[in-house]
Amino acid sequence: MIELRQVAKAYGARPVVDGLSLAVAPGERLVLMGASGSGKSTTLRMINRLVEPDAGAILFEGRDVRSYRAEDLRRRMGYAIQSTGLFPHWTVARNVATVPRLLRWPRARIDDRVDELLQLLGLDPPLFRDRYPHQLSGGQLQRVGVARALAADPAVLLMDEPFGALDPLTRHGLQRELLRIHHASGKTIVLVTHDVDEALFLATRVVLLDAGRVLQDGTPAQLLGAPASAAVRAFVGGTELGLRLLGLRTVGERLRPGAAASGAPLAADLSLRAALGVFLERATDRLPVVDARGQALGTLHLEDLFERDGR
Amino acid sequence: MPAERLIAGTGGTRRHALRVLRDPLPWTLLALLGLTFGMDRLRPLFAAAFPALERPLYEQDSFAALLWSHLWIVATSSTIAVAAGMALGVLVTRAAGRPFRPTLETLVAIGQTFPPVAVLALAVPLLGFGARPAVVALALYGLLPVVRATIAGIEAVPADVREAALGVGLRSVQTLWAVELPLALPIALGGVRTSVIINIGTAAIASAVGARTLGSPIIVGLGGFNMAYVIQGAVLVALLAIATDMLFARLQRQLARHHA
Chain A
1 MIELRQVAKA
11 YGARPVVDGL
21 SLAVAPGERL
31 VLMGASGSGK
41 STTLRMINRL
51 VEPDAGAILF
61 EGRDVRSYRA
71 EDLRRRMGYA
81 IQSTGLFPHW
91 TVARNVATVP
101 RLLRWPRARI
111 DDRVDELLQL
121 LGLDPPLFRD
131 RYPHQLSGGQ
141 LQRVGVARAL
151 AADPAVLLMD
161 EPFGALDPLT
171 RHGLQRELLR
181 IHHASGKTIV
191 LVTHDVDEAL
201 FLATRVVLLD
211 AGRVLQDGTP
221 AQLLGAPASA
231 AVRAFVGGTE
241 LGLRLLGLRT
251 VGERLRPGAA
261 ASGAPLAADL
271 SLRAALGVFL
281 ERATDRLPVV
291 DARGQALGTL
301 HLEDLFERDG
311 R
Chain B
1001 MPAERLIAGT
1011 GGTRRHALRV
1021 LRDPLPWTLL
1031 ALLGLTFGMD
1041 RLRPLFAAAF
1051 PALERPLYEQ
1061 DSFAALLWSH
1071 LWIVATSSTI
1081 AVAAGMALGV
1091 LVTRAAGRPF
1101 RPTLETLVAI
1111 GQTFPPVAVL
1121 ALAVPLLGFG
1131 ARPAVVALAL
1141 YGLLPVVRAT
1151 IAGIEAVPAD
1161 VREAALGVGL
1171 RSVQTLWAVE
1181 LPLALPIALG
1191 GVRTSVIINI
1201 GTAAIASAVG
1211 ARTLGSPIIV
1221 GLGGFNMAYV
1231 IQGAVLVALL
1241 AIATDMLFAR
1251 LQRQLARHHA
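These protein sequence lines are chains A and B, in that order. Here the numbering used here is used: position 79 in the first sequence is 79, and no number is missing along the way. Take the position in the second sequence, starting the count at 1, then add 1000; the result is the number in the numbering used here.
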């Protein structure tokens, strides 16, 4: 879907992106992760030509991005940023309708699409359609920003630290929404973040950048389980590494059959990291497990949280 | 239910009427028009205040004609100043025009440090007497506030809004027209307001080069030691300026209602 070949960018004498190559497959959730100044935002913005690379080539659907007109390229990619950049003088509906209007969709189709997207992002259309950005909360603003990015049904969604300015609760809610939207639409998502937990939660593939170079390119499990260097290990773990590894597994993967515990049960799709928290809170070493409908599935033993050989 | 609505309706109408009565703009306009068309009714007042004057009332021209001519000169020169000023302000905030910005700001500032009378005097040999040199001089003189406010307004547009506009696929021109200019307008309008108000006062000086304005009674009065003439002209100019300022304030409030 998107390919970067030896892309480089320098501001003055300082290289920000340095010989970077990566490929994004259709339907992937690729997260560009790194500390501030690692070149991740610059890389993202070279994909939709908000920044032009000094060297290298970027391909979108097989064609060099420079062979498209910049505005045509961008209208085929959704773009959502941390501060949302919503137009303050337009209503929510008009903001979301930005790209469909540019593409000259018929009025009725635009109106339907706006309502559909507001609904999708959890904003009741009659309530929110005619509001102005200054009347919205941070979480609502970001939802409208994502709706605007999705409006013309682009194949790719580019997101630059979209949830960085939100409180943790809202952030987690929107992260889950994004997964839900991805599951329903199958869009390719390229997301930039410096938050390791966000990256591990959202990504099917993580590209860790430092000083404009790729430190490691792999699945979250690969980065955690087989960090390519000390630098990678330091970024994804340090003392959090064990907990983050637990975060990648669910209760359902480790439970034992049989009912050997009592108390409020764990859901089978809960992460092992969250389960550990429950064990600690209840000061116990066994908890019952149920599925989504409440049917008993078995028991989770605390000792099974430790990864043994062969597991 | 209907009875309550009736009572509420009456209360609303009365409240509305009181609001209109408390609003200074209609009163100012009333005073301006009243004095313009009814100045001669005040002849006894001026005669009593200035008993030594043979002619206590300016009669070379009707005040209505003077007001009309004054308005025409202000409107023409301000339209030119606003159009040119905004265009220049937009141009120097574009990537291509940025290098010219310091030059423009200096030129326009110099244009305003010239005394208006000097600018008028310089325009006369080129354009003759009357309204024409006045319009040119006033247009040049009115550029600075508009240019400054247009630049300030465009720069006040948040960078991330501009980036988002480009990022979702608006072209540069579309970004300017649909996003930057509407957002810059409240601030730019402040500059237009200043420019027009100054213009109203400065246009009075144009009478020195033969233009017909509300300044004519002032200048004739100063020359002939006739304070009554001066007061008549000055009061009308002042009322015009105040009323115009109030109208602009109203306009700015209307535009700002979405930028809370």
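Calculated directly from the structure, the hints in this document are not laboratory data. All of these numbers come straight from a predicted model, not from anything done at the bench. Virtual Cβ for every residue (Gly too), placed ideally from N, Cα, C. One or more hints might be untrue.
[Said to hold, decoys possible] If you want the ones that stay clear, here's a sample from chain B, every Cβ over 12 Å from chain A, calculated:
#1 P1026
#2 T1036
#3 L1053
#4 V1108
#5 V1157
#6 M1227
[To be verified] Cβ pair distances, simulated, as ranges:
#7 A:D112 / B:I1110: 54 to 64 Å
#8 A:A55 / B:R1101: 28 to 38 Å
#9 B:A1159 / A:S67: 45 to 55 Å
#10 B:F1100 / A:L243: 38 to 48 Å
#11 A:S67 / B:P1099: 42 to 52 Å
#12 A:D269 / B:A1256: 43 to 53 Å
#13 A:D111 / B:A1256: 20 to 30 Å
#14 A:P125 / B:R1171: 27 to 37 Å
#15 B:A1065 / A:D112: 37 to 47 Å
#16 B:P1125 / A:S67: 54 to 64 Å
#17 B:A1159 / A:D112: 46 to 56 Å
#18 B:P1024 / A:D111: 51 to 61 Å
Tested hints:
With a least CB separation of 30 Å from chain A, B:P1026 remains clear of the 12 Å interface cut-off, as annotated. With a least beta-carbon separation of about 39 Å from chain A, B:T1036 lies farther than 12 Å from that chain, consistent with its non-interface assignment. Consistency note on B:L1053: stated as away from chain A, and its beta-carbon is indeed over 12 Å from all of that chain's, at 56 Å minimum. No Cβ of chain A approaches the Cβ of B:V1108 within 12 Å, the least distance being about 28 Å, so the stated non-interface status holds.
Here B:V1157 does not stay apart from chain A, with its beta-carbon only about 9 Å from theirs, under the 12 Å limit. Its beta-carbon lying about 51 Å from the closest one in chain A, B:M1227 satisfies the requirement of being farther than 12 Å from that chain. At about 57 Å, the CB distance of A:D112 to B:I1110 agrees with the hint of 54 to 64 Å. Between A:A55 and B:R1101, the C-beta spacing of about 32 Å keeps the proposed range 28 to 38 Å intact.
Here the CB-CB span from B:A1159 to A:S67 is close to 29 Å, at odds with the stated 45 to 55 Å. At about 58 Å, the CB distance of B:F1100 to A:L243 disagrees with the hint of 38 to 48 Å. Look at A:S67 against B:P1099: about 31 Å separates their beta carbons, and that is not inside 42 to 52 Å. Here the CB-CB span from A:D269 to B:A1256 is close to 50 Å, well matched to the stated 43 to 53 Å.
Against the hinted window of 20 to 30 Å, the Cβ-Cβ separation of A:D111 and B:A1256 comes to about 28 Å, which satisfies the hint. The hinted window of 27 to 37 Å between A:P125 and B:R1171 holds, with their beta carbons roughly 29 Å apart. Hint check: B:A1065 to A:D112, Cβ distance near 60 Å, so the stated range 37 to 47 Å is violated. In this structure the hint that B:P1125 and A:S67 lie 54 to 64 Å apart at CB holds, the actual value being about 60 Å.
For the pair B:A1159 and A:D112, the beta carbons lie near 33 Å from each other, so the given range of 46 to 56 Å is not met. As the Cβ distance of B:P1024 to A:D111 is approximately 44 Å, the hint placing it in 51 to 61 Å is violated.
Going through the hint list in order, the structure does not satisfy hints 5, 9, 10, 11, 15, 17 and 18.
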